[in-house]
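When you get a sec, could you build the whole thing from the sequences and use the hints?
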Amino acid sequence: MQNLSRVGEVRISPDGQWAVFTVTRSDLAENRSATNLWRVSTAGGKPEQLTFVDHGSNSTPRWSPDGRYLFFLSSRVDDKPQVFRLSVAGGDAMQVTTFATGGPTSSSLPTAIPLRSGAGSGATALSRLAWFTVQKWSSR
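Going by our numbering, the sequence shown wraps up at 579, each residue one higher than the last.
Derived by calculation from the structure, the hints in this document are not laboratory data.
Don't take each hint at face value.
Below are the SDA-like pairs computed for lysine to any residue, each with C-alpha atoms no more than 25 Å apart in a straight line [to be verified]:
| id | residue 1 | residue 2 |
| --- | --- | --- |
| 1 | K519 | S498 |
| 2 | K519 | L443 |
| 3 | K485 | G530 |
| 4 | K519 | D493 |
| 5 | K519 | D531 |
| 6 | K519 | D505 |
| 7 | K519 | G447 |
| 8 | K485 | W502 |
| 9 | K519 | K485 |
| 10 | K485 | A473 |
Here it is as C-alpha cells:
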C-alpha cells in the first residue's frame, strides 16, 4: 500500500502565535484521500492534529478575528461540504450550515460565514443567504 501526504493551505492566527494547516493523506490502493486540520506554534514545536477523518475533507481553514475559533469546510456529513466551527480551546466542531446540496465554496470563506439555512436547494439557499462577518458569527 502506498500512502502520500501533502501540506496544503496555511493560515496564521490573528495574534501570530499559531499556524493552522491542512494535511491530505492519499491512499493510492484505495483510490481515496482524507484532508485534516493541524496546528503548530509559529515558535516551533510538535504539530497537533485538530480534525480526524479517514475519508473526505476538512479544508479551507479561517480564523475568527479574536483567534478563538476556526471555521472550515468539511464533507463529514453526507459527503457534502458544510461550514463548521471549532473552538481552539478544544471540543467537537459544530456544524454552522445545513445546505441540502452542500455549503459555500472556499472562495466565499475568507470574508464571510453564512447564517444557518436549511431551506431549498443549495443554489437557492445560497442566493437567499444573509451573510454575516466571521466576527459576528464568533460572538454567538
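Hint check:
1. Between K519 and S498, the direct Cα distance comes to roughly 13 Å. Compliance with the 25 Å bound is thereby established for this hinted pair.
2. With a C-alpha separation of about 24 Å, the suggested pairing of K519 with L443 holds against the 25 Å cut-off.
3. For a cut-off of 25 Å, the pair hint linking K485 to G530 stands: about 20 Å separates their Cα positions.
4. Taking the CA atoms of K519 and D493, the gap is about 15 Å. The hint holds against a cut of 25 Å.
5. Between K519 and D531 the CA atoms are separated by roughly 19 Å; this keeps the pair inside 25 Å, and the hint holds.
6. Annotation: proposed proximity of K519 to D505 is violated, straight-line Cα distance about 28 Å (limit 25 Å).
7. Annotation: proposed proximity of K519 to G447 holds, straight-line Cα distance about 20 Å (limit 25 Å).
8. Distance check on the hinted pair: K485 and W502 sit about 20 Å apart at the alpha-carbon level, within 25 Å; holds.
9. Pair hint K519 plus K485 does not hold up; C-alpha atoms about 31 Å apart against a cutoff of 25 Å.
10. Using a Cα cut-off of 25 Å, the hinted pair K485 and A473 holds, with the two alpha carbons roughly 21 Å apart.
Hint check: violations occur at hints 6, 9; the rest are consistent with the structure.
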